[in-house]
Structures are given as C-alpha cells and as structure tokens.
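**Q** Input sequences plus hints: build the corresponding full structure.
Per full-length UniProt numbering, residue 1 is the first one in the sequence shown, and the count goes up by one each step.
Since the hints were derived computationally from the structure, they do not count as laboratory data. Hints may be right or wrong, so weigh each one.
Just the calculated beta-carbon pair ranges, DEER-fashion [stated by the list, open to error]:
hint: 1; residue 1: 137; residue 2: 203; range: 35 to 45 Å
hint: 2; residue 1: 239; residue 2: 8; range: 20 to 30 Å
hint: 3; residue 1: 121; residue 2: 9; range: 29 to 39 Å
hint: 4; residue 1: 7; residue 2: 250; range: 16 to 26 Å
hint: 5; residue 1: 198; residue 2: 263; range: 15 to 25 Å
hint: 6; residue 1: 168; residue 2: 194; range: 20 to 30 Å
hint: 7; residue 1: 198; residue 2: 279; range: 18 to 28 Å
hint: 8; residue 1: 123; residue 2: 203; range: 47 to 57 Å
hint: 9; residue 1: 27; residue 2: 227; range: 34 to 44 Å
hint: 10; residue 1: 250; residue 2: 107; range: 42 to 52 Å
hint: 11; residue 1: 137; residue 2: 233; range: 26 to 36 Å
hint: 12; residue 1: 263; residue 2: 33; range: 45 to 55 Å
Ideal Cβ placement from N, Cα and C applies to all residues, glycine included.
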Amino acid sequence: MALVKIAAHELALDKPTGFRVYSAAGKLLLSEGHLLRSETQLERLLTNGAFREDNPRGANPDKSCTGHAALLSTASDTTPRANAASAVVTCFPVMPTSVEVFHLSPSGSADVSFRADYVGAVKDRALLVIAPDSAAMLQPGAELEAKVICGREVYSFHTRVAGRDTLFPGVISLDYPAEVRKRTIRQHLRLQTHMSARLIRNDVVATGFDAEVLNIGANGIGFFLPDTTLERGEHFKLALRLKVDRRNHALMLNCIARNVAPLKGGMKVGAEFGALTDDVRSVVQRHIFELATGASQ
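**A** In structure tokens, the structure reads:
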C-alpha cells in the first residue's frame, strides 16, 4: 500500500475525512469519515506527519490511460476531491500597493500640504492618486512636491497635475517623475497587511481598544486606532494573531509608540517592538517571510 503525506488543507475541524489516516509506519490512526473536533489533535497530526493511501477508494481512474500517461505528475491531476473547497461569492481582492504614505505639497509652499491615497502607476506615463476634496489647488498644470514612504525608504520628487478623472471624482493623474531622490529611514522592511488587534495601555484598566494593523516589520508595526490615542514614547502591549504554517499564533507584543499622527476617524501609530522572547520573535520573522513570499495566503 503506497502512502502519501497529507497536506494541511486536506484536514479540517468538524469535517469528515474522505480517506483513512495512517502514521508514517503504516498504522491506522483515523478511519474514513472521522470528524476532527480538537484543534490540538489536528496540529499533532500535521506536526508528526499524517499519511493517506495514494489512490483512495473513491478515485476512479480512467483505465484507458496507459503508457506515457502513467508518468504524469500528480500535480496535473484534475480528479475532483471529495473535500475540495467549493467556490464562494466574494469581493474582488484589494491588491497591495506597498505605499504607506503619499504626501503632496504645492511647489514653493511647504507649509501647505496634504495626504493622498496612492492608486497605482502607468509606467513612464502617470501616477494615479485620490486626493481630498479640500485640495482645491490640485488643478491641471499645478506644480507639486511629493514625498512617498515605501518599505524602508522615503522617495522625494517633483511632479505636475496632468488632469482629473471625469468618471471617478477625486482621482487625479500626476506626471510620472523624471527624477526621484531616495533616502533610507528604516533598518527593516515594512510589509503591508490587514488584521485586527487589541491595544492594551499600561495606564488603563480595561479589556483593551480595537486596532487595525496596517504594516509589520522585523522591529516594528504600524496600526490605526479608531477609539483611543497614544503619546509618542508611550509603552503599551498589542495582542494579535499571526499566521505561520497555516495556523494562527496568539501573541502579546511589547511596543513603544514612535510616530503618531491624527487620521480621519482616529490615529495612525508607528511603533517599535520592545523586549520580545525568542519564541515570539521567531513567529514574527516567519510570518514576515511568508507574507513577503505569498505563502501566508
């Protein structure tokens, strides 16, 4: 009996298995149709290694496929699986842009500035942003100075308003910059993400405040606070779950607020990690690696 290792997506809680589960030595662990009701049992199976028969009884291969067809990789197998995930109706995904801040100011008027939301770029032709309605100076032909924070660097360049979109109000086209100046402001890369967290302030006896994580790096984290504020230099804790190896790990991160800025509906905070245990730091680093490579999706 040939056995193959079971992938993590083939096992799920409260869902009957479509096959028998064996140990590496071939010992039967779970019968077909067994319901996994314990997350601990599921993690133990995936950690120790669980196997199933290479050709489950439910499969019905085409006997006419012989010769070279038998050498085809299982990666090209399109036989429907009993536990394959069915398609669901959802929203179109918001693609990451990696741009955290897009800051604009009229040329020669550094005291007047505003933030814009970066939409995207048409290479060598235009940059697309959404500007606030109050930015009346953004008329076609207006000269602007831009500062953009992306990853570890801040980019500065001169641009010009090329035009306003008549179909989508607020969308503005800027000239593609001919020359960009770059300056490194961070030791570690920050990656955009989106997850919920709980902020626990040291001076407040409460269950915590809602926070929305916007980016994360090896030595810090950025998030949005809708219901409370922080002072620069304030120490606090951030409770959240980071996905590693397709499992969520509950963490409590010690943080120090380094940058605070009011934002519509709340406050945006950039924080540095305080003292982290080796285990917590390992989870953070592995999560960042999976986030950067797309393995966490």
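**Q** Now look at each hint and say whether the structure bears it out.
**A** Quick rundown of the hints versus the structure:
{"no.": "1", "hint": "137 with 203: 35 to 45 Å", "verdict": "holds, 42 Å"}
{"no.": "2", "hint": "239 with 8: 20 to 30 Å", "verdict": "holds, 25 Å"}
{"no.": "3", "hint": "121 with 9: 29 to 39 Å", "verdict": "holds, 35 Å"}
{"no.": "4", "hint": "7 with 250: 16 to 26 Å", "verdict": "holds, 24 Å"}
{"no.": "5", "hint": "198 with 263: 15 to 25 Å", "verdict": "holds, 19 Å"}
{"no.": "6", "hint": "168 with 194: 20 to 30 Å", "verdict": "holds, 23 Å"}
{"no.": "7", "hint": "198 with 279: 18 to 28 Å", "verdict": "holds, 20 Å"}
{"no.": "8", "hint": "123 with 203: 47 to 57 Å", "verdict": "holds, 49 Å"}
{"no.": "9", "hint": "27 with 227: 34 to 44 Å", "verdict": "violated, 53 Å"}
{"no.": "10", "hint": "250 with 107: 42 to 52 Å", "verdict": "holds, 49 Å"}
{"no.": "11", "hint": "137 with 233: 26 to 36 Å", "verdict": "holds, 35 Å"}
{"no.": "12", "hint": "263 with 33: 45 to 55 Å", "verdict": "holds, 52 Å"}
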